[in-house]
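Taken in sequence, the protein lines are chains A and B. Read in order, the letters of the first sequence correspond to residues 428 to 663 in the working numbering. Read in order, the letters of the second sequence correspond to residues 5 to 298 in the working numbering.
In short, the hints are calculated from the structure, not lab data. Where hints are given, some of them may not hold.
Output of the computed footprint for chain B on chain A, the stretches with three or more beta carbons under 8 Å from beta carbons of chain B [as the list claims (entries may be wrong)]:
#1 433 to 445
#2 546 to 558
#3 641 to 651
Beyond 10 Å from chain A on every Cβ pair, some chain B residues (computed) [said to hold, decoys possible]:
#4 15
#5 73
#6 95
#7 107
#8 141
#9 155
#10 186
#11 191
Simulated crosslink set (BS3-like; lysine-lysine; CA at most 30 Å straight-line) [said to hold, decoys possible]:
#12 B/122 / A/554
#13 B/36 / A/484
#14 A/536 / B/6
Just so you know, these numbers come straight off a predicted model, no measurement behind them. Every residue, glycine too, gets a C-beta built ideally from N, C-alpha and C.
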Amino acid sequence: MGTVLTVKNINVYYGAIHAIKGISFDVDRGEIVTLIGANGAGKSTTLHTVSGLLRSKTGDIEFLGESIAHTAAHKIVAKGISHVPEGRRIFQGLTVEENLQMGAFITKKDRIEHNLEYVYEQFPRLKERTRQIAGTLSGGEQQMLAMGRALMSDPELLMLDEPSMGLAPILVDQIFEIIQNLNKAGTTILLVEQNAQMALSVAHRAYVIETGKISLSGTGEELAKSDEVRKAYLGG
Amino acid sequence: MKLLTNLISGLSLGSVYAIIALGYTMVYGISKMLNFAHGDVIMIGGYMSFVMSVYLGMNAWLALLIAMFVCTCLGILIERLAYRPLRGTGSLAVLITAIGVSYFLQNVALLIWGANPKMFTSLFEGVQPIRLAGGSLTVTAESLFTIAANIIVMIVLTLFVNKTKAGKAMRAVSEDNGAAQLMGINVNQSISLTFAIGSGLAAVAGVLMCSAYPVLTPTTGAMPGIKAFTAAVFGGIGSIPGAMIGGLILGIIEIFARAYVSTELADAIVFACLIIVLLVKPTGLLGKKISEKV
Chain A
428 MGTVLTVKNI
438 NVYYGAIHAI
448 KGISFDVDRG
458 EIVTLIGANG
468 AGKSTTLHTV
478 SGLLRSKTGD
488 IEFLGESIAH
498 TAAHKIVAKG
508 ISHVPEGRRI
518 FQGLTVEENL
528 QMGAFITKKD
538 RIEHNLEYVY
548 EQFPRLKERT
558 RQIAGTLSGG
568 EQQMLAMGRA
578 LMSDPELLML
588 DEPSMGLAPI
598 LVDQIFEIIQ
608 NLNKAGTTIL
618 LVEQNAQMAL
628 SVAHRAYVIE
638 TGKISLSGTG
648 EELAKSDEVR
658 KAYLGG
Chain B
5 MKLLTNLISG
15 LSLGSVYAII
25 ALGYTMVYGI
35 SKMLNFAHGD
45 VIMIGGYMSF
55 VMSVYLGMNA
65 WLALLIAMFV
75 CTCLGILIER
85 LAYRPLRGTG
95 SLAVLITAIG
105 VSYFLQNVAL
115 LIWGANPKMF
125 TSLFEGVQPI
135 RLAGGSLTVT
145 AESLFTIAAN
155 IIVMIVLTLF
165 VNKTKAGKAM
175 RAVSEDNGAA
185 QLMGINVNQS
195 ISLTFAIGSG
205 LAAVAGVLMC
215 SAYPVLTPTT
225 GAMPGIKAFT
235 AAVFGGIGSI
245 PGAMIGGLIL
255 GIIEIFARAY
265 VSTELADAIV
275 FACLIIVLLV
285 KPTGLLGKKI
295 SEKV
């Protein structure tokens, strides 16, 4: 299998606030790994640190055996990490197609066509709306666009931040099905979710983050059964 | 006929404002800062062209190209040295720095070229104005060329931001700097490119303006800079077509106010119109409503 991502003892601050307090975890090739935890626990901050938008004061982040802790965010994408940020953050004023083109910003020309087909295959809804301004899409379609955009760069590791946020239950099911399909097709996935039940049901392994620290870890199944997790995150 | 003559002068002046306003609006769009030194880049463009054509006897068009090149480099340099280190520190620090850069450029010009006005030679030295309708309508070559230049700049720029990869990247960075980085877009490069384009256009505006009003002093850029900034806000700051419409309307209002109301009050009327537009539509004519992130 081999390890794709290793995060070693990272500490992240927002000014004086110590948001991440020595988090370490790893993701193996082919896995779905999820980070669950309450609002403000530091899940999104962790993803932002991996993708280079935030910096850790200590420790190291290794991707495919190479340290990326000091690599600029726009270069980390080229190494094979795609980050779908919280709130989707698609380019609202650009068309669906232009958003996907931005996702392929660093992709080699001969791969773009292939990746575009793959994205349309996964998200047929997007294909019907290529010329539509992205800001006018529904919430679910925007989430699909954000994920499609991230797939345009051929990522080895796809990081998804709260893909279920604000979506109707039927759409949540659909999105999670797509996540599993992508994983089966070979993409390693690091998933951050508040919807712990959903996340644990698809994850191979999971980490629970509490106020900037990892409090528990195990397989998705183990954690779903654990009393602590059930009380705190699964409503008993 | 007087009306038509005034309209053409207004369009010509407005075209200069529009070209300058583009620099303000594009830079604001991408880095959310007001580059108050932009007006002084116009002045430097004027002086560069003056030095090349008068001191070195160069062809006026070649001088324009060199002025564009110098201003492009100057714009990149200003962003790199003065603004980039302050990115993320809050808009007030950047605003004050921009004002500082503005005074710095004016004083450098004062040091090199002195306070005495220089007589600028027009790009169209010796070209006769075109007389139409039995001589009652006179159109100068400067006016015609300025209006044409504005149209060309708008078309090229619109194609650039909508069709090219670098242009789309600029729009992406304008919308969401962080998400753009996650796409692999080098945000610094995009911002540099924006400053380069804006400053290159400032040189064009400077030369066109000095061709029509041929007096050059170190503060030449200040007033047109403020007016063009007004035009950008008028049209909706951040919007490229807005800059064009804002510039043209402002130019026409200014010339008409001068011709039919009062020369002294012209500027006051221009700014009064800005205030009225902002009261009615705070985002400017074509300004986008900033969508809140959920």
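Evaluated hints:
{"no.": "1", "hint": "433 to 445", "verdict": "violated (count 0)"}
{"no.": "2", "hint": "546 to 558", "verdict": "violated (count 0)"}
{"no.": "3", "hint": "641 to 651", "verdict": "violated (count 0)"}
{"no.": "4", "hint": "15", "verdict": "29 Å, holds"}
{"no.": "5", "hint": "73", "verdict": "28 Å, holds"}
{"no.": "6", "hint": "95", "verdict": "18 Å, holds"}
{"no.": "7", "hint": "107", "verdict": "32 Å, holds"}
{"no.": "8", "hint": "141", "verdict": "42 Å, holds"}
{"no.": "9", "hint": "155", "verdict": "24 Å, holds"}
{"no.": "10", "hint": "186", "verdict": "5 Å, violated"}
{"no.": "11", "hint": "191", "verdict": "7 Å, violated"}
{"no.": "12", "hint": "B/122 / A/554", "verdict": "60 Å, violated"}
{"no.": "13", "hint": "B/36 / A/484", "verdict": "28 Å, holds"}
{"no.": "14", "hint": "A/536 / B/6", "verdict": "57 Å, violated"}
Violation of the numbered hints given earlier is confined to hints 1, 2, 3, 10, 11, 12 and 14; the remaining hints are satisfied by the structure.
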